[in-house]
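Going by our numbering, the letters in the sequence shown line up with residues 19 to 426, in that order.
FYI, nobody ran anything at the bench for these hints, they're computed from the structure.
All values derive from a computational prediction rather than experimental measurement.
Any given hint might turn out to be false.
The calculated DSSO-like cross-link candidates involving lysine-lysine, where the alpha carbons are at most 30 angstroms apart (straight line), are [stated by the list, open to error]:
#1 Lys256 - Lys53
#2 Lys172 - Lys53
#3 Lys379 - Lys53
#4 Lys252 - Lys316
#5 Lys356 - Lys214
#6 Lys53 - Lys219
Listed next, with one range per pair, are the computed distances between beta-carbon atoms [to be verified]:
#7 Val105 - Phe220: 57 to 65 angstroms
#8 Thr377 - Gln145: 22 to 30 angstroms
#9 Gly222 - Gly191: 20 to 28 angstroms
#10 Ser208 - Ala250: 18 to 26 angstroms
#11 Thr376 - Ile181: 32 to 40 angstroms
#12 Gly194 - Met158: 22 to 30 angstroms
Ideal Cβ positions, reconstructed from N, Cα and C, are used throughout, including at glycine.
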Amino acid sequence: MGIQHVLAMFGSTVLAALFFSGIGTIIFYVITGGKVPSYVGSSFGFIGVVVSATGYNYSPSAGYNEHTDVAAGGILICGIVYGLIGVIIFFVGHGWIEYIMPPVVTGSVVMTIGIHLSTSAFQNATQTSFDGWMAFTTIMLISLISIYAPGMLKRIPILIGMIIAYLINFGVGWSGAGPAIDYTEVYEASWFAAPKFVKPKFEGQAISIIVPVCVVLLAENLGHLKAVGAMAEKPLDKYLGRAILGDAIATIVSASGGGPGTTTYSENIGVMAVTQIFSTLIFLIAAIIAIILGFIQKFGAAIHTIPEGVFGGLSIILFGLITVSGARIWVENQVDFKDSRNMLVAGVPVVIGAAMQTTLKWGNFQLDGIGLPTYTAILLYQILRGWDSFRNLWNRRKTLFKKRDMTV
Numbered sequence: 019m020g021i022q023h024v025l026a027m028f029g030s031t032v033l034a035a036l037f038f039s040g041i042g043t044i045i046f047y048v049i050t051g052g053k054v055p056s057y058v059g060s061s062f063g064f065i066g067v068v069v070s071a072t073g074y075n076y077s078p079s080a081g082y083n084e085h086t087d088v089a090a091g092g093i094l095i096c097g098i099v100y101g102l103i104g105v106i107i108f109f110v111g112h113g114w115i116e117y118i119m120p121p122v123v124t125g126s127v128v129m130t131i132g133i134h135l136s137t138s139a140f141q142n143a144t145q146t147s148f149d150g151w152m153a154f155t156t157i158m159l160i161s162l163i164s165i166y167a168p169g170m171l172k173r174i175p176i177l178i179g180m181i182i183a184y185l186i187n188f189g190v191g192w193s194g195a196g197p198a199i200d201y202t203e204v205y206e207a208s209w210f211a212a213p214k215f216v217k218p219k220f221e222g223q224a225i226s227i228i229v230p231v232c233v234v235l236l237a238e239n240l241g242h243l244k245a246v247g248a249m250a251e252k253p254l255d256k257y258l259g260r261a262i263l264g265d266a267i268a269t270i271v272s273a274s275g276g277g278p279g280t281t282t283y284s285e286n287i288g289v290m291a292v293t294q295i296f297s298t299l300i301f302l303i304a305a306i307i308a309i310i311l312g313f314i315q316k317f318g319a320a321i322h323t324i325p326e327g328v329f330g331g332l333s334i335i336l337f338g339l340i341t342v343s344g345a346r347i348w349v350e351n352q353v354d355f356k357d358s359r360n361m362l363v364a365g366v367p368v369v370i371g372a373a374m375q376t377t378l379k380w381g382n383f384q385l386d387g388i389g390l391p392t393y394t395a396i397l398l399y400q401i402l403r404g405w406d407s408f409r410n411l412w413n414r415r416k417t418l419f420k421k422r423d424m425t426v
């Protein structure tokens, strides 16, 4: 089970900091008291702002970002601000967050995350006709195993499905009927190497660009918490303060060594949706595995050999399940879609997230296809509620801070 969750997050983490993802997950596990099933790893939410803050121009031939230290400084401060929000929620409760981001908003954010990320998954799955067929094969294998496989195999459909799809791809390539898998990187990689750390550098402009991402992380974390709670049929809202604090400290620790900002992984929520296993111990095992693998360069190189079609097919399944989890939040909380305001709050951000594949810039501030829909959903909800929103806030002023997130 743990290996399956490690595989699910490889699309992001192998390219970032596998070592810090393991450390961050252990931190998250300890702070949440092992009550919230989540894997913590590098967040795509930081990519746009980091590129802007460091002036890095990506291209296939581009090398290492020489200003990683500047990015790390901004991410570290963002983690501190994010952690302060978690502390406030821990002591005064999460009612005010629920007011700002009710189910219609969080459902929209979760659905947006799934739909927006699915674009890259589809592109990976359809780079060539052969990739498209392998993606379809992977989707069918995982789906059939998750429903019809006997016993234990039914619990690990992603791992088994990926292995079978990989072997099929290898066999087709070996026979000459399709492109062969390139193992050059595996041969050239050394067996063991310690992670390289970078000392953070603090620059005001970079900090001002990166810190606002904490709002996106807050919405993401709340959405993930609700999605997992809905799937497990066990409300996890009372652990929001701890979850945010755990994620924030993981981000601070990662940035202190030059690693990326962290978040709870959407991909692993997709794994839980397939397996229906919500044990937090599995994530602790996955974290330990990730830390060990962070020192094994050949393993990281081997993961890079997973064909685009196979990984694309896996991603389509995971992001599809995340998208449906957003709708499930609406259903579980009985969101009234006869109300045109809810229709707008739910629909507009999702369409923006689905269509937006660039960043929106305003001076040093910029938002990507997850950040902009998140802010849109929050602001649109409050604006459309108008006077009713302020009157409701006044009437609920004593209850918004009544529930305390002090649960152990």
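Is lysine 379 within 30 angstroms of lysine 53, Cα to Cα? Roughly 38 angstroms between the alpha carbons, so the hint for lysine 379 and lysine 53 is violated.
Requested in this report: Verify the proposed pairing of lysine 53 with lysine 219, using a straight-line Cα cut of 30 angstroms.
Outcome: violated (35 angstroms)
Verdict for glycine 194, methionine 158 (Cβ pair) under range 22 to 30 angstroms: holds (24 angstroms)
>> Given a hint of 18 to 26 angstroms, does the C-beta separation of serine 208 and alanine 250 actually sit inside it?
In response: violated (41 angstroms)
*Please work out if lysine 252 and lysine 316 have their alpha carbons no farther apart than 30 angstroms.*
violated (40 angstroms)
Next item on the list: Hint says 57 to 65 angstroms; check whether the CB-CB distance for valine 105 and phenylalanine 220 agrees.
Entry: violated (22 angstroms)
- Could you see if the CB distance from threonine 376 to isoleucine 181 stays within 32 to 40 angstroms? Holds - the Cβ-Cβ distance for threonine 376 and isoleucine 181, about 36 angstroms, lies within 32 to 40 angstroms.
Next on the checklist: For a C-alpha distance cap of 30 angstroms, please report whether lysine 356 and lysine 214 respect it.
Outcome noted: Distance of about 54 angstroms is beyond 30 angstroms: violated.
**Q.** Given hint lysine 53 paired with lysine 172 - CA-CA distance at most 30 angstroms
**A.** holds (25 angstroms)
Beta-carbon spacing of glycine 222 to glycine 191 - inside the hinted bounds 20 to 28 angstroms or not:
violated (51 angstroms)
Within 22 to 30 angstroms or not, the Cβ separation of threonine 377 and glutamine 145?
Given about 23 angstroms between the Cβ atoms, the range holds.
Q. Hey, lysine 256 versus lysine 53, does the alpha-carbon distance stay inside 30 angstroms?
A. Holds. Lysine 256 to lysine 53 sits at ~10 angstroms (cutoff 30 angstroms).
Hints 3, 4, 5, 6, 7, 9 and 10 from the earlier list are contradicted by this structure; the remaining hints agree with it.
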